[in-house]
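> Chain residues, written in single-letter form:
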Amino acid sequence: MTREDKEKGLWRSIFPINFKTYNTYHSEGHTGQYYMLPPAHIQKLFPYGLPPRFQLQIKTFNEGCVMVRPPALELISYLKRADYSKPPLRYVLYGDIGTGKTMSLCHALHYCYTQGWLIVHIPDAHLWVKNCKELLPSSSRPSRFDQPIQASQWLKNFKITNERFLSKVQLDRYVWTKRESTEKGQPLGELIDQGVNRMKSSSDVVGAVLRELRLQAGGATEGEGAFKLAVAVDGVNALWGKTSLKKEDRTMCEPEELTLIHNLRKMMKNNWSGGAILTALSQTGSVFKPRSAYLPNELLGEEGFDSMEPFVPVSVSNYNEKEFESCYLYYLDRNWLQHPHSRSEEGKKELIFLCNKNPSILERLCAAL
Amino acid sequence: LFFRHICVSSSLWKKNLAAAGPQKFTQEFIDKQVEEFEIGKRHLANMMGEDPETFTQEDIDRSIAYLFPSGLFEKRARPVMKHPEEIFPKQTAIQWDAEGRPFHFLFYTGQQSYYSLLHDVYEKILAMERHQDKMRNKGLLTSETKQILLTGSRWLLKEEIEEYLVENISDHDYMRLIQLMEKLLSMPYCSLEEEFILKFRKQLEVQSSKHEIPALQYDPQGVTFSVADGRRKTAKASITLRDSGSGNITINGRNYLHYFPLLQDREQLMFPLHFVGMLGRFDVEGSVEGSGHSAQAGALRLAISRALLSFVSEGDVEKMRQAGLLTADPRIKERKKPGQEGARKKFTWKKR
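Here the protein sequences come in this chain order: A and B. Residues 1 to 369 in UniProt numbering are what the first sequence lists, from first letter to last. Residues 1 to 352 in UniProt numbering are what the second sequence lists, from first letter to last.
Just chain A, with the same shape it has in the complex:
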């Protein structure tokens, strides 16, 4: 592989070596093959988006390779064929634990990024409903609660990902405090800076940003101002589940009462146009959900299901024979399976048995220490 090829995002397939540029060319024939994410893209697009174990793997192998699998291909094909003048379609990735929902979501998101869309990516909505150190009463509305740290963190990531779009013009006037306000016609970048610098109002800034994007995504379909909006939320069941946060009088907080969650829910409604909503369910971070629950109606609950309906469900399952073979060969190729027995047929059968072709369990098995 030459250096230019590496920059462009190349195939790393373990079957006959095949080089293709950009994932617009992904098709069903490529299932099981590994696609390499260019390092520049990873830094920009996924500062905190990828699963932590995958980030470790990137650091170890010095490259980020994603396997092309049917759920991701399905998503990408829907995105290619959708009509963007209509309200956005909601896609929900669901499946058992460790089958690759987050990875498929990231794959599809990378496709959107390479197509030049504006990315709104919430890596894990569960982080916003639990373990919050500072819960401030909202400055704008009395019954709501703010989460300044999470909001400012997200705004920073948003800035890194969507640098190109920061010079967009915005529409409305927002008043933050008696002395601060953002005037009409100011670029988006300033709004975000406002949120990052002033922690107190960062949650409201997030709400404002989302509102602006909603209003502008559908407008101006021609000309420079056109962009498509991709909203990606991982762990979307957090929006309608329970929180583990408590108010000052020791009663449980409802997700409705958190500003961030409230704004996100508004985003999930399909009353805007010019984009797509990609979501994935997640049981691992969820609060008060049993481990065996993985179907949308179990994890989203009644309220969530009604709000998300209608949506396109995409199921993600364990590796099949071909995909497992590919993953195994990839690890061998990277010298990750050190034990000589693992290179034999016997060792492979043992691996298949112990992990039942579940991607995350296989990864943990091979990692050992």
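In case anyone wonders, no lab produced these hints; they're calculated from the structure. It should be emphasised that the depicted structure is a prediction, and the values quoted were computed from it without experimental measurement. Hints are all accurate, no fakes.
Calculated cross-link-like contacts (lysine-lysine; reagent style BS3-like; alpha-carbon spacing at most 30 angstroms):
1. Lys348(A) / Lys319(B)
2. Lys357(A) / Lys236(B)
3. Lys319(B) / Lys349(A)
4. Lys349(A) / Lys236(B)
The following residues of chain B were derived to be distant from chain A, with all beta-carbon distances above 12 angstroms:
5. Tyr108
6. Arg154
7. Asp173
8. Gly222
Each pair of labels, with its calculated beta carbon distance range:
9. Asp333(A) / Asp329(B): 40 to 46 angstroms
10. Glu314(B) / Leu329(A): 34 to 40 angstroms
11. Leu329(A) / Arg154(B): 52 to 58 angstroms
12. Lys82(B) / Ser344(A): 56 to 62 angstroms
13. Leu136(A) / Ser287(B): 49 to 55 angstroms
14. Ser344(A) / Ser153(B): 37 to 43 angstroms
15. Asp329(B) / Glu298(A): 35 to 41 angstroms
16. Ser317(A) / Ile332(B): 38 to 44 angstroms
17. Ser287(B) / Phe288(A): 28 to 34 angstroms
Beta carbons: idealized from backbone N, C-alpha and C, even for Gly.
Model the placement of chain B on the given structure of chain A, informed by the hints.
For chain B alone, coordinates are given in the frame of chain A:
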């Protein structure tokens, strides 16, 4: 009359019981016990409504267990009715006559039966050498003589020899005896003394013949399957092993990946299949209940190994037995004792 009181401690009045040695039973006493045992056996047979003539020791054990049910864990503490020979330890009769002269010529060695045995064996060796010389003189000396089959048997242990000789011997003495027997075996024409030698050898049973192999059954679709059970601690497992060609395992209706999130438990399930080399071949459908996850995994492993016996060859059965796959783990939770915190843990020890 005027005398002084001499105080003597009461310990002098007690008999020195330890110095008397083990209680000696006379031959008449033993005979009387044997008679009583026989009569008792007939009474017992009568009570149980069975034929007194054909009442074996097993029947006696069964009847006693029925008439005197005991909840004691130690089997040797339960009531027992056995022939007096098995109950009273074997003792030697008086070894000397009325004038004090010993009967046996080796009495003054201290271990008369042991040394007389050595003497006999050496006599036999000498006899064999003389026989060999005679054959050589006649010209009929052949090197191919009938060999005694010694496989499947072992020499009697030191304890067993002691029991046979009714005497205590040391390890050194035992070794010397075995060496002498080996010397006897190494000579040609030892087949003449085969009967004598086999008295000192014990047959080893073939262990693997004891395992019950579950029957192979056939599905309506023609798929072979077998059913087996397994237990560990309080967990009971029952599985159906199907020869369908996929490696799915379902436990209590859930996938084994969900039922056993711990790698160690899945490794336990993998062990019997991997040992026999048939990992991806079988479909396992199991139900398990009781105890904890580790015990359930152990119970399932035992059940899988037992079910595999019907799909596997004889040599593999022996290998599995030696690998410990077919042995039921006898460890259970130890009882908590009074005066202690738990089974072994004691209360805090206070010096005062």
